[in-house]
Amino acid sequence: DDYTPWKAAALRDGAPDFGGQANAYHEHLFGGLLDKLHSLYRLDETRLAYGGYSLGGLVAVYSLFSFDKVSCVFSICGSFWYPDFVTYCKDENVKNLDCLLYLQNGQTEGAHHINRLAQAPAYAEQIHTDLQKRYPKGQFVFDPYGHHEQVAERFLAFSGWLAQKWKIK
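Using full-length UniProt numbering, read the sequence shown as starting at 1 and increasing by one per residue.
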């Protein structure tokens, strides 16, 4: 529920519906929790990254439109097939325009599905195309893999990119 922007019906029979609690999750994360961490630790605000994989990547990209508390947002295999998300991204104004943005999706994600997931690469391409216009210095990657393939390598690719951007040795 925390990783979905609004309520939506389940993709298959017997699965729970999506709860749409991302706004509450982000309020907790970027309000209370991040403020608490700032009060306890000396965080470098220029080096705060937020992101995730699958629905975690979706919710991270969703945060771009409401919060500007992090300097890097990343999404690996983001679930951009989520109902109405492409339209949302096209229609809404981005709040966190100053962050680094890294999106990576696979060309064969959803290959064995018959529902919305079958079109995952097409949805992802629309998100990449739209956000490239707003983040010309972002990194937008399509690799040849499926959703559950090469996960460690994908995170390593992101980490290497971020280390280069932040000049970390």
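Hint data in this document are derived by calculation from the structure and do not stem from the laboratory.
One or more hints might be untrue.
Label pairs and their calculated CB-CB ranges [claimed, not checked]: (1) ASP84 - ARG42: 39 to 47 angstroms; (2) LEU11 - ASP35: 17 to 25 angstroms; (3) ALA163 - PRO136: 15 to 23 angstroms; (4) SER159 - ALA15: 29 to 37 angstroms.
Calculated pairs, DSSO-like style, for lysine-lysine (alpha carbon to alpha carbon, straight line, at most 27 angstroms) [unchecked claim]: (5) LYS95 - LYS133; (6) LYS95 - LYS167; (7) LYS169 - LYS133; (8) LYS137 - LYS90; (9) LYS169 - LYS69; (10) LYS165 - LYS69; (11) LYS137 - LYS7; (12) LYS95 - LYS137; (13) LYS165 - LYS133; (14) LYS69 - LYS133; (15) LYS169 - LYS137; (16) LYS36 - LYS133; (17) LYS36 - LYS90; (18) LYS69 - LYS90; (19) LYS36 - LYS95; (20) LYS95 - LYS169; (21) LYS95 - LYS7; (22) LYS167 - LYS69; (23) LYS7 - LYS69.
Heads up, the beta-carbon is just placed ideally off N, CA and C, and yes, glycines get one too.
Each hint tested on the structure:
1. ASP84 - ARG42: 39 to 47 angstroms: Holds, since ASP84 and ARG42 (Cβ atoms, about 40 angstroms apart) stay within the stated range.
2. LEU11 - ASP35: 17 to 25 angstroms: 36 angstroms, violated
3. ALA163 - PRO136: 15 to 23 angstroms: 21 angstroms, holds
4. SER159 - ALA15: 29 to 37 angstroms: Since SER159 and ALA15 have Cβ atoms about 32 angstroms apart, the given range 29 to 37 angstroms holds.
5. LYS95 - LYS133: Given that 27 angstroms is the threshold and the Cα spacing comes to 15 angstroms, the pair holds.
6. LYS95 - LYS167: With Cα atoms ~25 angstroms apart, LYS95 and LYS167 stay inside 27 angstroms; holds.
7. LYS169 - LYS133: 30 angstroms, violated
8. LYS137 - LYS90: 19 angstroms, holds
9. LYS169 - LYS69: Satisfied, since the Cα-Cα distance of roughly 25 angstroms is no more than 27 angstroms.
10. LYS165 - LYS69: Holds: LYS165 and LYS69 sit about 18 angstroms apart, inside 27 angstroms.
11. LYS137 - LYS7: Distance ~32 angstroms between LYS137 and LYS7 Cα, so the pair is violated.
12. LYS95 - LYS137: OK: LYS95 and LYS137 at ~16 angstroms, within 27 angstroms.
13. LYS165 - LYS133: Distance ~20 angstroms between LYS165 and LYS133 Cα, so the pair holds.
14. LYS69 - LYS133: 21 angstroms, holds
15. LYS169 - LYS137: 21 angstroms, holds
16. LYS36 - LYS133: 34 angstroms, violated
17. LYS36 - LYS90: Between LYS36 and LYS90 the Cα gap is close to 33 angstroms, so the pair fails against 27 angstroms, i.e. violated.
18. LYS69 - LYS90: 22 angstroms, holds
19. LYS36 - LYS95: 22 angstroms, holds
20. LYS95 - LYS169: Measuring from Cα to Cα gives roughly 30 angstroms; hence the hint is violated.
21. LYS95 - LYS7: This hinted pair holds, its Cα atoms lying about 22 angstroms apart.
22. LYS167 - LYS69: 21 angstroms, holds
23. LYS7 - LYS69: Holds, at about 25 angstroms.
Violation of the numbered hints given earlier is confined to hints 2, 7, 11, 16, 17 and 20; the remaining hints are satisfied by the structure.
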